[in-house]
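Chemist: Here is what each chain is made of, one letter per residue.
2 protein chains.
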Amino acid sequence: MRAWCFGAGLAVLGAASAVQAAEPVDLDMVSRIRDEAFHHSQAAALLKELTETVGPRLTNSPAYDHASRWAGDKLGGWGLANVHDEVYDPAFGRGWEFRSARVEMLSPRQLPIRALPKAWTPGTDGPVEGEVVKVELAKQEDLDAQKGKLRGKIVLLDDARAFEPADKPDFRRYDEEAIGELRTFPVPEDRDAGATDKRLAEFRKRQAFGKALNGFLVEEGALATLSISSRDNGILRVMGGGSRKAGESAGVPALTVSAEHYNQLVRAVEGKQDVRLRIDVDARFTSDDNLPATNTYAELPGSGKANELVVIGAHMDSWHTGTGASDNGAGVVVMMEAMRILKAVGAKPKRTIRLALWGGEEQGLNGSSGYVSKYLAAYPEPTDPEQKALPSAFQRGTGPLQRKASYDRFSTYFNFDNGTGRIRGIYAQENHAVVPIFKAWLEPFHDLGATVVTTRNTGSTDHIPFDRVGLPGFQFVQDPADYFSHVHHTDLDTYDHVVPEDLKQAAAIIASFAYNAAMREERLPRKPFRERDEQ
Amino acid sequence: MRAWCFGAGLAVLGAASAVQAAEPVDLDMVSRIRDEAFHHSQAAALLKELTETVGPRLTNSPAYDHASRWAGDKLGGWGLANVHDEVYDPAFGRGWEFRSARVEMLSPRQLPIRALPKAWTPGTDGPVEGEVVKVELAKQEDLDAQKGKLRGKIVLLDDARAFEPADKPDFRRYDEEAIGELRTFPVPEDRDAGATDKRLAEFRKRQAFGKALNGFLVEEGALATLSISSRDNGILRVMGGGSRKAGESAGVPALTVSAEHYNQLVRAVEGKQDVRLRIDVDARFTSDDNLPATNTYAELPGSGKANELVVIGAHMDSWHTGTGASDNGAGVVVMMEAMRILKAVGAKPKRTIRLALWGGEEQGLNGSSGYVSKYLAAYPEPTDPEQKALPSAFQRGTGPLQRKASYDRFSTYFNFDNGTGRIRGIYAQENHAVVPIFKAWLEPFHDLGATVVTTRNTGSTDHIPFDRVGLPGFQFVQDPADYFSHVHHTDLDTYDHVVPEDLKQAAAIIASFAYNAAMREERLPRKPFRERDEQ
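So the sequence lines, in the order shown, correspond to chains A and B.
Read in UniProt numbering, the first sequence has 276 at position 276, and its numbers run on one by one without any break.
Read in UniProt numbering, the second sequence has 324 at position 324, and its numbers run on one by one without any break.
Rather than coming from a laboratory, the hints here were simulated on the basis of the structure.
If we take Cβ atoms under 7 Å as the criterion, some of the chain A residues that face chain B in the derived model are:
id, residue
1, Ser-100
2, Arg-102
3, Pro-165
4, Asp-167
5, Asn-263
6, Thr-494
Values in this document were obtained by computation on a predicted structure and should not be read as measured data.
Beta carbons: idealized from backbone N, C-alpha and C, even for Gly.
Full structure from sequences and hints, please.
Modeler: And the structure:
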């Protein structure tokens with residue numbers, strides 16, 4: 001528990017503050033950036049509009065397009081250059097949106113059930129009623145065993161799960177012990193040679209069975225499926241289901257139910273009671289065809305090294321469950337605000353600073369991957385259709401990386417996508433040459449709690465496609481806040497869970513990092529690159 | 001934060017364990033009780049039936065009657081004596097139940113709103129739609145100002161509230177530091193002479209305005225009112241509204257909305273957006289007239305001192321919001337289980353041990369107060385109608401306490417009503433003569449974490465009516481668990497938030513306390529008594 005005893009370790013902070021800057025930093029510009037960021041911030045106002053006027057932004061939903069227009073208008077209005085949307089995938093998938101969902105237990109007693117539909121699953125077209133059954137549907141043999149038994153039934157897909165009381169506060173700031181931990185690098189264990197093949201095989205199996213299950217449930221005439229939320233305390237954590245692809249079966253209505261209510265359903269069914277529900281889901285696909293998916297860009301043009309690029313970004317898309325405030329409205333407005341600040345303080349960068357608001361992050365970093373493939377570097381498209389069907393991370397043997405002309409002119413990418421959490425430092429991704437540079441850039445922000453340059457890697461967001469092709473791409477270290485305890489992909493991912501002061505702090509640091517990267521003599525150094533097939 | 005650093009203070013536990021018992025304790029009976037409680041427990045099974053087959057148990061609702069029958073059948077089936085329901089209030093109020101509630105924002109964008117109706121408020125009789133307005137309705141002048149403006153409107157009654165991140169774990173066990181704190185007694189500050197009159201004046205004002213507001217909203221044709229939940233993180237904390245009394249206006253449909261959603265509504269309205277909701281509440285009064293309200297009793301008859309009483313109890317009624325598992329299903333099944341254990345181990349108490357399952361606790365300790373007035377002691381009924389209208393705690397000047405014959409033959413009352421939390425000790429309510437007795441009774445349970453006899457008072461539940469008339473009445477010290485952080489009067493008050501091992505531990509300790517009280521030579525000593533008018 002000592003991790004949660006504060007007051008300790010201030011000495012460590014002192015030590016960090018004592019780091020000497022080998023790298024020149026324009027402290028006058030830091031002052032101007034901080035003044036604009038702290039005393040004229042628009043971050044919270046932007047987030048309120050994005051989350052509560054536009055709302056959640058599922059990729060290719062009408063609200064996503066609304067968000068792109070909204071962002072474009074703001075960025076253009078601030079006088080940024082080259083503001084436009086650009087297609088990264090001409091056939092990403094169908095549009096989808098949901099209006100409401102009502103689930104009621106009718107028997108053995110009346111109980112309103114807390115539930116939300118999975119994205120890209122059909123609505124019920126009005127209220128439907130049916131008996132609840134719990135059957136194993138994990139493999140083809142299970143489907144064969146259930147053939148003819150599920151017509152008109154509502155199917156529980158998961159087991160009940162015991163409540164796990166939280167032993168830590170829901171909302172956390174890193175203390176100095178946790179920050180100190182980040183100053184260490186855990187030497188990697190040897191990777192199981194077959195690990196990737198194993199993950200690939202599992203992925204293929206899951207993918208294939210998912211399609212089979214969707215088709216089976218439709219064919220058998222099941223009314224709906226229910227799954228348990230992966231969070232306790234009534235929190236609904238809901239992502240995608242069905243299929244977004246035209247021509248593929250979207251299955252039957254599929255909802256995620258709060259753990260407290262789901263467990264009651266399982267206990268009643270296993271107690272041999274007659275359990276009946278009424279379900280009314282108003283959800284719909286907004287297109288029959290696969291629609292193109294877009295990113296949104298804007299620039300502060302460079303002068304002198306205008307064709308060299310510094311890119312900052314965050315993902316515009318969200319799940320439909322909350323309003324996408326922490327994931328990743330916070331990142332979107334922090335990055336927009338960083339561009340606004342640089343424009344407002346009259347920054348004249350040597351390199352061009354480009355803002356990218358990505359789509360399709362939640363479906364596999366699609367917007368940022370599309371950007372990297374088109375403009376920086378890509379592996380040859382596989383010809384083998386089986387390989388084609390795989391996410392690029394799984395594709396193998398298509399040949400060496402093909403670098404575009406701008407590959408060498410690219411400097412760096414900075415990303416912000418771990419919720420509201422204030423910046424405490426940055427992940428150097430094992431690029432040791434950037435460590436002294438980042439230490440110098442962070443020093444003017446030690447008084448805001450941003451002190452650590454960790455050599456560790458972090459993943460799972462839009463800096464990874466840059467990192468994968470050997471280009472500098474970085475995500476900041478952020479306080480955990482209640483990101484993973486409460487809001488990540490849940491109905492609590494709303495405006496109230498974002499801390500305006502955190503947004504101001506992040507915007508100031510990112511504006512400064514982007515400016516420093518755009519002004520320094522050299523582009524940021526790169527780390528050793530391993531071809532995909534050698535990994 | 002040191003309070004959350006465990007491992008400390010085991011020495012204190014050791015010290016506590018070293019307390020010498022002046023009071024004889026039948027350790028053979030303790031062994032038999034523990035064996036039955038731990039190895040043949042029915043507590044969790046009882047709670048599952050009570051919360052998930054019977055469901056929540058609002059006083060005078062059909063489910064409350066179902067619960068009384070359920071408990072009576074169990075208690076009779078175990079061979080307990082004198083099992084029956086008894087009216088404590090011939091005209092408590094009307095029955096009420098609700099089936100479902102659906103609230104959707106239609107404008108400025110689509111959003112399903114998390115909300116539940118307040119008890120004893122009307123349903124909507126199908127879906128209704130209206131504009132949302134936020135107006136001050138706190139005093140008569142506000143009503144005058146709004147006259148003619150609220151027809152067809154949905155009224156926000158509260159301001160938005162800033163999210164407050166939790167800085168402690170939601171689920172807590174007392175550590176030794178917290179237990180040590182309980183071993184101290186804070187000397188009371190002088191009470192402001194006018195404090196009671198002030199509270200009384202406020203109560204009268206609130207009561208009068210509440211009635212005026214209900215009538216006003218009906219007269220003006222408002223569609224519904226919305227209030228903010230007093231918990232964050234989507235938790236719905238919902239008690240009563242409207243009126244349960246026949247002949248009084250129940251007002252318009254009144255719902256409590258999750259803080260995250262309520263704040264969005266306020267921001268949209270204050271942002272001058274056109275906010276429209278659709279509300280569909282299926283709730284109904286199940287009687288036109290005030291129905292009598294009952295407690296449920298059962299006995300293990302004494303032999304030798306059969307007309308002397310040891311009473312153990314908990315309240316059967318709950319709010320309608322969750323399933324009343326922690327508040328107070330846990331207490332009900334712990335007390336039922338204690339009786340079952342005593343019967344199962346063949347206990348032959350000298351004094352009669354009576355189980356009381358109270359109704360109306362949530363509306364003001366009504367069931368237990370009714371019992372005390374009828375059988376033990378009461379102040380004369382006020383004749384002044386104004387006094388009549390007040391809760392008895394506020395009534396004054398009706399003369400000295402009238403003691404019934406059984407007042408002197410009464411020994412003690414034990415209560416359990418603070419959620420699932422395991423017993424860590426007992427509140428002696430400033431009765432110092434019972435301290436050495438309780439210390440001796442607790443010693444065989446030190447190994448279960450029950451170590452402290454605090455001289456402090458605790459209130460707010462069914463031991464208070466006994467305490468108020470100078471009779472021994474006690475509530476146990478229980479681990480906080482997530483009672484006040486999450487489940488108290490909320491939609492999370494469900495079976496999954498109760499820890500079965502805690503129920504076993506409590507049942508063993510309470511069975512032993514009841515047996516000891518029924519067997520000891522003397523009735524439990526009493527503390528100095530102050531007449532109500534002297535307080």
